[in-house]
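S.K.: Chain residues, written in single-letter form:
2 protein chains.
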Amino acid sequence: MMQTPLLLTQMIERAEKYFPKKEIVSRTESGIQRFTYKQWGERTRRLASALHKLGVREGDKVGTLAWNHHRHLEAYFAIPCSGAVLHTINIRLSPQHISYIINHAGDKVLLIDSDILPLIDKIKDSIQGVEAFIVMTDGEVPKTSLENVYHYEELLSEGDPSFSFRTDLDENAPAGMCYTSATTGNPKGVIYSHRGIVLHAMALGLADTTGVCEKDTALPVVPMFHVNAWGLPFASVWFGTKQVLPGPYFTPGILAKLMQDEKVTITAGVPTIWLGLLNEIEQNEYDLSSLRSILCGGSAAPRGMIKAFEERFGIPFMHAYGMTETSPLAVIAASKSYHADLPADEKLDLKAKQGILVPGLEMKIIGKDGEVAWDGKEMGELALRGPWIASEYYQDERSQDAFRDGWLYTGDVVTIDEEGYIKIVDRTKDLIKSGGEWISSVDLENALMAHEDIFEAAVVAVPHEQWQERPVACVVLKESSRGKVTKEDILDFLKPQFAKWWIPDDVLFMSEIPKTSVGKFLKRTLRDQVQDKIKQV
Amino acid sequence: MMQTPLLLTQMIERAEKYFPKKEIVSRTESGIQRFTYKQWGERTRRLASALHKLGVREGDKVGTLAWNHHRHLEAYFAIPCSGAVLHTINIRLSPQHISYIINHAGDKVLLIDSDILPLIDKIKDSIQGVEAFIVMTDGEVPKTSLENVYHYEELLSEGDPSFSFRTDLDENAPAGMCYTSATTGNPKGVIYSHRGIVLHAMALGLADTTGVCEKDTALPVVPMFHVNAWGLPFASVWFGTKQVLPGPYFTPGILAKLMQDEKVTITAGVPTIWLGLLNEIEQNEYDLSSLRSILCGGSAAPRGMIKAFEERFGIPFMHAYGMTETSPLAVIAASKSYHADLPADEKLDLKAKQGILVPGLEMKIIGKDGEVAWDGKEMGELALRGPWIASEYYQDERSQDAFRDGWLYTGDVVTIDEEGYIKIVDRTKDLIKSGGEWISSVDLENALMAHEDIFEAAVVAVPHEQWQERPVACVVLKESSRGKVTKEDILDFLKPQFAKWWIPDDVLFMSEIPKTSVGKFLKRTLRDQVQDKIKQV
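As you go down the protein sequences, you meet chains A and B in turn. Per full-length UniProt numbering, the very first residue in the first sequence carries number 1; after that it's consecutive. Per full-length UniProt numbering, the very first residue in the second sequence carries number 1; after that it's consecutive.
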């Protein structure tokens, strides 16, 4: 067989040649703009030639700080297809972390949305080595104290619309990179190779997974700075899929209207987005009959929400699981043919799990005593291996914690049922190890949050002399219920649902649970608070 | 990204782990047999261990001479997943070519269906180096003068059902090989690597191509000795697809009943098969409502047949194009989203073309003056490049004719329309070069065969002093029309349909057109006959 490399260049060339009429719909600060793949391809080549003129060469890192729009999609191909590395930066991180990331990656050029420019202005003294700042805007470049600032559209107007992309790169050459938050310390970088991105895009196109195809219209709500918007932009360009990019500061109403107007068939995002959308379509009427799949990842979607989309609105909902280190698609809640006969309730149970392994990857689940049984009960840490799984963190000593013996240890504790469907039950660091057994903090939290008086709840481990660790529940009551519910009420509520040794030793009432910038529980902080409270008692 | 190799081993392991209950339905000489993937996996491992005991090692060639059945499917994985090379042999070739192939490949072991054993018996003195003959049968091994003959089922009964497959092979290592007939001389061998087969199977799973998936039931009519049954067995195992293998000596009635009884969703074969099936379902009633796709390749399907399947029977029909050298899937007649609005007739025109390039490959079409225009008119030779395209013929000097500058020159002359859809118009060697212009023999033949008095017709080039070459039509009249139709009648029939210089210089009436063993016109022989006839005149 020929030794032709798997490169991103073939994706854009296919879109240009076979799908020049297909559309990219981009929502920017000034409204909806439309580009054909032909126009977009020319703009992308202009960008590549402009970057080349600015001195960007093979292996150089080019950072982006941008929302989901056509210019960001141009950067997605212009940078890697000319041999450089597309470094998408999470604009929601703290300024300190953003400057760490820019310096650690060694970004040579930054592409910045105009509304994000002030953030970079503020940290300019802490970042080194950036030779050019290119502002992506429909209008003028805002006032800035930065030097070497360029207007994206001006650069494009001077660019070459038939600039040649690289077809001679090694398929293992870096094409992209993305940093992921760490529990402690600075974010950790993951490098994506051309080979990894191409194979991952093929996996997204499989009829057995998300089946992204030319007949789709894809709307990635998941940010393009978050694991390449789950790879959707790459698959969509390759397959000639119409794309709808929702831009900055969208609301559930804006999303619903875009989906209706553009006849979106597939969309992807985190549960929070879908809760917002569900609320929106419950309040206002939209025709979302074109939607064939809502892809949901990032964290587990509540069963009730899945049920509402599927049964009330007839919109198929699909759980997926992955992380920055896995490109991200690793597990998907696709049903098997013989599941078609299951009662609705069991189908929903299946959909509430993360799903089965995607073709092309390998998996093992390591429990207390080696690989766990496929019984839906025994808990173990999920480890993954495959051609779109990272092998290390970029120049980071913390690699050795997660990457061992050729496997990525995900830090996620899961069970796996008889059919091979995985359910996430906890993070390894949040798991409570009591008397040699494992207790899932997530299972307890889900049970607590189903209590009618509870607004939110988290369960953490506290050290225990005899049992090593014991669970303690931290509960925020709904305002109307405060002072009316006791610790005993809550424990009595849990007792019928769990084994005796799972029941928390204590219930602490709090006014709020500390959270990360993306709304996840900050369990490390919570554990410290609980320790302090318990000491005070 | 991790450097995990793309190997066939991951396919069978996925089927065993995730789809142990799914079925393989196998029609053999003694009737229908059923195996779950779990049972089939154990049998496959038993076979691998048996081959190991017989001395088969990494890189060794193991030949198969067999129909489509479960044992052949076991060989499909047992051989490559233990590092050896699955060499499928076309049992329809001449005995001389079969012994050439066995010797040229250097097969160490042969797996032979019992009804094919007599053929090998006859050529045993001309084959060297085969150390063991394994007979695949439900019953006893037939009487044979061969030595070192083993009974497949006896070997399996002593085999190890948990034999370990190789996960440490180089992804570029050979996994399979297949010989293709040459115009002159011996067949030419193509080697398939693990990487090539895995990527090709992914391509088959794309929603944009054939979309083979777990929910399918696949029936490959195309023989497993013919380009790996177009890769369907590999994709089906990987995705956990139920397989129906039709075995030896099937009739259209047997196929139709299998499709009905097993609720087949996707099937694949050459036009001759589908003409037979169409005839069968026109005569007798079957419920084929489960069929979502008939894949058709090998040669062009008549438009009328496509129309009959689609419009009369509601069965979607899909053209595909490929060859032994291309694994084979290279081009597929998938429509684009905006084709949905075309009138039925234009949709049919589209379906009658071979289609557009499959994601993952590159293509160019070289005409008289370089790359051809995308106008559906200019003719050129199709050249292909990509990770599942062969790079050479196995130890064969003829490689340099077809493989040049990193491209495979297919020998097929095509046009390509504005949308990138390819239509095969001729073989390069059959194209008529008249006065510096190209004339498609196939176009003329199709026109002639639409004449109500003509049974079959072929058009060949004869040398011409002024024009280099000129077309001559060879026509076989229907019995009832013989003596009633003149040369002028036929030329008058053609004239309104073609440019003046396309009209054949002569029409020769013949009693039959010489054909190959698979029913294709033997144009080389025909050209010689025509030369002789013209000389005689």
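Simulated from the structure, these hints should not be mistaken for lab results. Careful: at least some of the hints might be erroneous.
Chain copies aren't distinguished; within one or between two, either way the pair holds.
The calculated lysine to aspartate or glutamate pairs, modelled on EDC-like cross-linking and capped at a C-alpha distance of 20 Å, are [as the list claims (entries may be wrong)]:
{"#": "1", "residue 1": "Lys38", "residue 2": "Glu418"}
{"#": "2", "residue 1": "Lys17", "residue 2": "Asp417"}
{"#": "3", "residue 1": "Lys307", "residue 2": "Glu512"}
{"#": "4", "residue 1": "Lys347", "residue 2": "Asp375"}
{"#": "5", "residue 1": "Lys53", "residue 2": "Asp125"}
{"#": "6", "residue 1": "Lys17", "residue 2": "Glu131"}
{"#": "7", "residue 1": "Lys500", "residue 2": "Glu512"}
{"#": "8", "residue 1": "Lys515", "residue 2": "Glu285"}
{"#": "9", "residue 1": "Lys122", "residue 2": "Glu381"}
{"#": "10", "residue 1": "Lys307", "residue 2": "Asp341"}
{"#": "11", "residue 1": "Lys17", "residue 2": "Glu362"}
{"#": "12", "residue 1": "Lys38", "residue 2": "Glu362"}
{"#": "13", "residue 1": "Lys307", "residue 2": "Glu147"}
{"#": "14", "residue 1": "Lys495", "residue 2": "Asp287"}
{"#": "15", "residue 1": "Lys263", "residue 2": "Asp341"}
{"#": "16", "residue 1": "Lys336", "residue 2": "Glu465"}
{"#": "17", "residue 1": "Lys336", "residue 2": "Glu23"}
{"#": "18", "residue 1": "Lys257", "residue 2": "Asp532"}
{"#": "19", "residue 1": "Lys515", "residue 2": "Glu378"}
{"#": "20", "residue 1": "Lys429", "residue 2": "Glu381"}
{"#": "21", "residue 1": "Lys257", "residue 2": "Glu397"}
{"#": "22", "residue 1": "Lys364", "residue 2": "Glu16"}
{"#": "23", "residue 1": "Lys263", "residue 2": "Asp60"}
{"#": "24", "residue 1": "Lys17", "residue 2": "Glu418"}
S.K.: At most 20 Å between alpha carbons: which applies to lysine 515 and glutamate 378, within, between, both or neither?
M.R.: neither (29 Å within a copy, 65 Å between copies)
S.K.: Are the CA atoms of lysine 307 and glutamate 512 at most 20 Å apart within a copy, between copies, both, or neither?
M.R.: Cα proximity of lysine 307 and glutamate 512: none, with 28 Å in one copy and 67 Å across.
S.K.: Can you tell me if lysine 263 and aspartate 60 fall within 20 Å by alpha carbon in one copy, between copies, both or neither?
M.R.: So lysine 263 and aspartate 60 fail the 20 Å test inside a copy (38 Å) and across (54 Å) alike.
S.K.: Could you place lysine 17 and glutamate 131 in one of the four classes (within, between, both, neither) given a Cα distance threshold of 20 Å?
M.R.: Neither: 34 Å inside a copy, 52 Å across copies.
S.K.: For lysine 257 vs aspartate 532, is the C-alpha pair at or below 20 Å within one copy, between two copies, both, or neither?
M.R.: Neither way: lysine 257 and aspartate 532 sit 48 Å apart in one copy and 74 Å across, limit 20 Å.
S.K.: Within a copy, between copies, both or neither: which one fits lysine 347 and aspartate 375 at a CA-CA cutoff of 20 Å?
M.R.: within (18 Å within a copy, 50 Å between copies)
S.K.: Indicate which option fits the pair lysine 495, aspartate 287 if close means a Cα-Cα distance not exceeding 20 Å: within, between, both or neither.
M.R.: Classified as neither: same-chain Cα gap 44 Å, cross-chain 55 Å, threshold 20 Å.
S.K.: Pop the pair lysine 38 and glutamate 418 into one bin, within, between, both or neither, using alpha-carbon distances up to 20 Å.
M.R.: between (48 Å within a copy, 14 Å between copies)
S.K.: How would you label the pair lysine 38, glutamate 362 (within, between, both, or neither) given a Cα cut-off of 20 Å?
M.R.: For lysine 38 and glutamate 362, the Cα distance is within 20 Å only across copies (18 Å; inside one copy 38 Å).
S.K.: With identical chains, the pair lysine 307 and aspartate 341 could be close in the same copy or across copies; at 20 Å between alpha carbons, which is it: within, between, both, or neither?
M.R.: Only inside one copy: lysine 307 and aspartate 341 sit 17 Å apart there, 35 Å across copies, limit 20 Å.
S.K.: My question is about lysine 515 and glutamate 285: at a cut-off of 20 Å on alpha-carbon distance, are they close within one copy, between copies, both, or neither?
M.R.: neither (33 Å within a copy, 65 Å between copies)
S.K.: Tell me, please, which holds for lysine 53 and aspartate 125 at an alpha-carbon limit of 20 Å: within, between, both or neither?
M.R.: neither (25 Å within a copy, 70 Å between copies)
Violation of the numbered hints given earlier is confined to hints 3, 5, 6, 7, 8, 9, 13, 14, 16, 18, 19, 21, 23; the remaining hints are satisfied by the structure.
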